[in-house]
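K.L.:
Here's the letter readout for the chains.
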Amino acid sequence: MRTILRVEDLLVEFPTPHGQVRAVNGVTFQLATGERLGIVGESGSGKSMTLLTIMGLTPPPGRIRRGEVWFKERNLLEASPQELRQMRGRHIAMIFQDPMTTLNPVFRVGEQIRESLRVHQYLGEERVPASRRKALEKQRVLRLMAEVGIPAPEERYEAYPHEFSGGMQQRAMIAIALSCDPEVILADEPTTALDVTVQAQIMRLLDQINRQRGTAIVLVTHDLHLATEFCDRILVMYAGQIVEQGPTEAVIRHPKHPYTQGLLGALPEIRPEKTPLMPIPGEIDLAHLPPGCPFAPRCHRAMEACSTPPALLEVEENHQVRCFLYGGLA
Amino acid sequence: MKPLLELQEVHKHFHLRASLLGRWLAGQRDRTVHAVNGVSLVVYEGETLGLVGESGSGKSTLGRLAIRLQEVTQGLIRYNGLELGKASPAQMRQLRRELQIIFQNPYSSLNPRKSVRQIVGSALEARGVRDPRQQELEIRALLQRAGLPERFIEAYPHQLSGGQRQRISILRALAVRPRLVVADEPVSALDVSVQAQIVQLLEELKRDFGLTYLFISHDLRVVYHISDRVAVMYLGKIVEVGRSQELYHRPQHPYTQALLASIPRLENRYLAGGRPVLEGSVPSPLNPPKGCPFHPRCPVKLSISPLDFYLHSPQ
Amino acid sequence: MTNTPSLPAIPRRSALLDVLVRLLRNRTGLVSLCVILVYVGLALLAPFIAPYDPADTDLTARLAPPSAAHWFGTDTIGRDILSRTIWGTRVSLLVGLLTVGITTLAGLLLGMFGGYFRGWFDNLTARLTELLLAFPYLIFAIGMMAFLGPGFWNLIWALSLKGWVEFYRLARGETLAQTTREYVEAARALGHSHLRILFGEILPNIFPSILVLGTLRIGYFMVLEASLSFLGVGIPPTIPAWGSMISEGRNVLFLAWWVSTIPGVALLVLVLAINLLGEALREVLDPRLKERS
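Chains as they are written, first to last, in our numbering: chain R, 6 to 335; chain Z, 441 to 755; chain C, 469 to 761.
Listed next, with one range per pair, are the computed distances between beta-carbon atoms: (1) R:E83 <-> Z:P729: 49 to 59 Å; (2) R:Q35 <-> Z:D668: 41 to 51 Å; (3) R:A310 <-> Z:R591: 25 to 35 Å; (4) Z:R591 <-> R:S170: 41 to 51 Å; (5) R:Q87 <-> Z:H455: 48 to 58 Å; (6) Z:A527 <-> C:G619: 50 to 60 Å; (7) R:Q35 <-> Z:E511: 51 to 61 Å; (8) Z:P729 <-> C:A594: 35 to 45 Å; (9) Z:H455 <-> R:S170: 18 to 28 Å.
Here are the simulated DSSO-like pairs of lysine-lysine, each with C-alpha atoms no more than 27 Å apart in a straight line: (10) Z:K442 <-> R:K279; (11) R:K279 <-> Z:K646; (12) Z:K442 <-> Z:K526; (13) Z:K442 <-> Z:K646.
Hints listed in this document are in silico derivations from the structure and should not be mistaken for laboratory results.
Don't be surprised by glycine CBs; every beta carbon is placed ideally from N, CA and C.
Chain R extracted, bound-state conformation (with noise of 0.2 Å):
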């Protein structure tokens, strides 16, 4: 498997009343071409604030400190506006939690997928006289409609969001985002706004894109059950940095990192005795972050050492963790 996306030591800041705030903290990692990556992790851990970065799209006021965003040969950091744009959409998709807000109101949702198609003259329209032209984009656009369980593609086309339910409008997303056929797929929290129900059956068409396209996906989450459920690896992330990455199994079974190990403690499960629930204590302060390991002051385990920022180490194959439990200690 090739590496298809790999980001090195990502640094974005915030200025915030408090100073910068580091959303962003030093993140690397690597996609595999129809891997399936999770990244999971709570609010203001800098999960979504990586995808956008990774598109290009760091909101104001955030400013990229450091670091490298390689789509295969390119380092997308460096690109121009107008590569990026090309990059966007055509090789790299994303998908947003709200699809409400993301579709135009508008806009008739047929139109809405064909632009993506227009866009990147991903027909080589070029070549194919205006005539010609959108007759072939509608073609492809009802394809994408049917192939992402929009019934009845014909008269949906000339539907507008609105009379979408939640669920189809997340679908008219995704046809949008595999129009040009990308190679990646970021999904920022995709089912969140969705009924559990519904939910199975996106990430059901979610399964079936990857396996039938062997598109990759970035999946970002807080529910660490789904990602669970889709992902052959995953990242945790906390106050910005990567603290446990490796095989979902190994992660899920055997976590190493207190925050990981406490995440799945303050999960209740539903098995035949329940068990009680153990939160993680406290609230994560992002305004007020210590100078070492972010999760110190919530950590059970702490000690002395957690005041000085611990490094990510490998401590089984694939599986590597930012804590002092596992060495790393001077």
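Starting from the known structure of chain R, arrange chains Z and C on it as the hints suggest.
P.N.:
Showing chains Z and C alone in chain R's frame:
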């Protein structure tokens, strides 16, 4: 166990008036949303009854009807033997203290212009505690009980985190010493690690104060954890009620089965594509199907009269 | 179980004082407030500051240009422009403040009750406002003055009768938005009375925007009063007012520019200052900007 709250064939309809312009230009008509469509349910003293359902199922409306924040369209609700709809204003004022509610959104459930002292103080006043010194003592004790530092008494909502606000919201409800608390998605807006803290707090408070909870949530996992019994709602109707372990591990209604099968689980590695998936989406509550509301999507639909749809114990 | 999170230090001063302090830290707010205070001082101290009696005529010095004796000259019947302009401040401020006071109170109460209780009363008021909005303000005020007859109080009523609509619409909309918030439901669940919810819970949340609108409307009503006085249906001619002064100077504008210009500038500066104060208040009261100052 003694029934504390009984709902009998409760309906709540909302009338949507078409605007004059809409009528004239587009021929729109008034429509009726059947938010709650014939619900009978009992909440026993001291239990936690979980109420689950997807958006549009009417579960939040049912919660508000249960403590008479909204009036029923049809049917009756009995609290502690007394019919709520017939309570006099004086009786109702008394009852208000016993029936409390905790909301989902910790941002809009606290008045942004009021300090914690004023917010909790107004609840104490409702209980008749007017002396400022007495109030101060009680608020400090309550803050401590909720795991918050006493100096938060002067804080305003925007200075607190989501979890802290939710604790204040719980304190406000608790300050009047209620018996029945409707918790409407109390942890849905919170992060996982904070969620567990709040669930634990709710469990402790229930034990310490002998509360009864009607716990409304779309989070099936949290509901399983906290509830003694669970009711499943779909499109304004209860389709299944039972003890939580039994309902979750031996669901009878096809909708309950489909709902539970949709929950992602740690055990289900790579099930994303392989699980049975419920097709379609929830029909509009403007025109709910007759009989079992689930029958248009049901995989095992029976050909019986829609009038024969009622809750019964499975043989 | 909770590690004590940081809580910003809370200044323990009343909300009103807090707003004032932040207003004074805002440059626009400070300057406009100073200008307005100067006007208020002039109005209060008019009898002591004005060099002449505003009604005194000096027929030997008609249309006298600005000089050491008459700093801003005199008008067609030899009255001192400076003294009349200083006295005119009283009328303008009084009309602005009284009208805003009456319309705010009426609009706020009607709007809050309408937005909170809805029902037939709300429908009735809504129709009435639509009717009133159909009239241009000046036409409406002229008509009212013709109907009521001249007089200071009649002018106030003529302006107020339509002026409450803006406050009503704002108060109603804001109340409607607040009513759907859960803290209102929580107050109902505690058994608090509707009046207590309206005035204790909702009012503090809608008051800032009402305050901003009120400030801006003071200037608006002053201009309206001046327009009516200019047209001769406003303040009775016995009372020195800027509008009627401008009107009197209109015929001699090319002979004696000072007669119209001085009261015109006085009005312009005051209204500008009031509008700037309104803008500054909006900035200061916006909770999104609050944390930064």
